[in-house]
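Undergrad: Line by line, the protein sequences give chains A and B. To convert, note that position 153 of the first sequence is 152 in numbering that gives the first Met the number 0; the numbers rise steadily by one, no gaps. To convert, note that position 70 of the second sequence is 69 in numbering that gives the first Met the number 0; the numbers rise steadily by one, no gaps.
No lab work stands behind these hints, which were simulated from the structure alone. Take these hints with a grain of salt, some might be off.
In the DSSO-like style, the derived pairs of lysine-lysine whose C-alpha atoms are separated by at most 30 Å in a straight line are [claimed, not checked]: (1) B:K28 <-> A:K279; (2) B:K1 <-> A:K16; (3) B:K60 <-> A:K273; (4) A:K28 <-> B:K29; (5) A:K1 <-> A:K184; (6) B:K60 <-> A:K37; (7) B:K60 <-> A:K133; (8) A:K37 <-> B:K180; (9) A:K28 <-> B:K1.
Across the chosen pairs, the derived CB separations fall in these ranges [as the list claims (entries may be wrong)]: (10) A:E272 <-> B:D45: 41 to 51 Å; (11) A:A54 <-> B:K133: 44 to 54 Å; (12) A:A54 <-> B:L282: 27 to 37 Å; (13) B:K1 <-> A:K239: 50 to 60 Å.
Just so you know, even glycine gets a beta-carbon here, dropped at the ideal spot from N, CA and C.
Here are the chains, one letter per residue:
2 protein chains.
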Amino acid sequence: MKASVECYPCLLAQILKTSELCGLEGADKKEVMNFALKTMADLPADIYPHEIVVAVNEHIKTTYCSSHDVFDPFSDLKNQTRAIAETFYLSIEQKIEQAPDSLEMAVKCAALGNIIDFGAKSHGNLDVQHELEKIDTLDFAIYDYQPFIESLEKARLILYLGDNVGEDIFDKVCITEIKKKYPEKKIIFAVRDQPVINDVTLADARAIGMDQLVETISSGSIYPGTILSKTTESFQELFKTSDLIISKGQGNFETLCSEEHPHLFFFLRAKCEKVANYLKVDLKSMILMKSATDRMGYS
Amino acid sequence: MKASVECYPCLLAQILKTSELCGLEGADKKEVMNFALKTMADLPADIYPHEIVVAVNEHIKTTYCSSHDVFDPFSDLKNQTRAIAETFYLSIEQKIEQAPDSLEMAVKCAALGNIIDFGAKSHGNLDVQHELEKIDTLDFAIYDYQPFIESLEKARLILYLGDNVGEDIFDKVCITEIKKKYPEKKIIFAVRDQPVINDVTLADARAIGMDQLVETISSGSIYPGTILSKTTESFQELFKTSDLIISKGQGNFETLCSEEHPHLFFFLRAKCEKVANYLKVDLKSMILMKSATDRMGYS
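With the rest of the complex left out, here is chain A:
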């Protein structure tokens, strides 16, 4: 699912936010926006929007930041989000324990965690508490839970693709539940190679102890998604050989929805009209969907 002009307003809003978090003002901010405007105009429409984000970040980094610092303008926001998300840990655990089907509830919670995303413009608010309260009646516009469970039961090696900081707390609870039910299965949690927007990196995953729970690796992706051809060879091999892949969030969905894999599942909230239209669902719909390629003829 490549970029299209529909992505430009959100991309610009995100770039604006990044430049502000980098402390840029006045002429510098205008210069960064101009760079972004020209990059969008010069590039063909059919690249991943994630590539524009990285190109502009690289420009900000080389032009305005010290070469010694890690470029992570969303660092403070990520820490704040993690702290908020952590306050929900116990109540999510409780929800799962008390549910008639604890695994299904854990999966629902993991999907719900995707609402935590201040990177997606149209979905900046953390209305987690509100959503969590009504999770029992939460409607999924696409809900391939049965095929998911069938794949999960057969799987030996599970690749779990992380998305945003804060959301990873929900992933941790879900993974804990899967491990409890299926202790023999191997689960690998994969994250971005470098900080990009609010996406989970190895450092972020460690901050919530994910590496203590399951093997945690970098996919090699420097994009806020998983452009498979731009991940490490070992990750590409892992992607191919995993028996089940759980892909979290819109960034991973946009970059992986055309990839072929017999047991690839997407957990996300459709946060923008482009993705909602593509999936033929309402904006903000919850999705638990088996790989699009063999299912609905998407490309």
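Fit chain B to the known structure of chain A by using the hints.
TA: Okay, now just chain B, sitting in the frame of chain A:
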């Protein structure tokens, strides 16, 4: 209040919508977006965002539309909005009749009408019914009603600057109430000279019978706001000589907030962060404010 880079994402979203309403797709839509991106990059940051809208509209019009047609891509949407707004007419009248202070309620309703605006990206939904129900307890972040009433009582000539289609229904009810209370006052309702986004034109004002109620004129503005230097000479004279000016909405606010006039009042909802920050209020706040220049040192 000139444009700044903060306006770019919303501007792009609006241009995208315009190009879609014009039926543009694929390469044509990309070409229009590229034109917009380059226009934004090439222009200095300190022009009115409204000028970018008009420049891109002009490009779409000359490149893709028949020269014989009126360029009014929002025409259908305006008609739909008008039809929805008209369904509220009776209940607004009733609210006003039943209120302890009918004039104050009429003024509040006129301000509330500004929530109808599918042109402002962050405020596309028509939650009129909901807002109307709680109008009695509606909080204004800035509420210069007393100075407004004092100016109104003394005024002989009142200039009322229209904003969006749909909102104009609320203006009509308010103007009716002012006329009922002060039949001797002359009221002039001024609108845009040409269709631009969803702003009221002479044809739109006639469609709701505004011209039967009060004198209705074009300000000469081709922008979705009132850049005074780009209105007709007669309008500029009228602006100067009016005893009271009621300026509706954000477009008029952004372009007039630095103008000097002793009895200029802004009725609006702060629909974007830039305006909310400028006014030091929360996003979506309701505003009934006396001219900023002599009041809060804005420029």
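Undergrad: Indicate, hint by hint, whether the structure satisfies it.
TA: Here's how the hints hold up against the structure:
no.	hint	result
1	B:K28 <-> A:K279	22 Å, holds
2	B:K1 <-> A:K16	20 Å, holds
3	B:K60 <-> A:K273	26 Å, holds
4	A:K28 <-> B:K29	25 Å, holds
5	A:K1 <-> A:K184	34 Å, violated
6	B:K60 <-> A:K37	23 Å, holds
7	B:K60 <-> A:K133	48 Å, violated
8	A:K37 <-> B:K180	56 Å, violated
9	A:K28 <-> B:K1	16 Å, holds
10	A:E272 <-> B:D45: 41 to 51 Å	32 Å, violated
11	A:A54 <-> B:K133: 44 to 54 Å	46 Å, holds
12	A:A54 <-> B:L282: 27 to 37 Å	30 Å, holds
13	B:K1 <-> A:K239: 50 to 60 Å	54 Å, holds
The structure shown violates the earlier hints numbered 5, 7, 8, 10.
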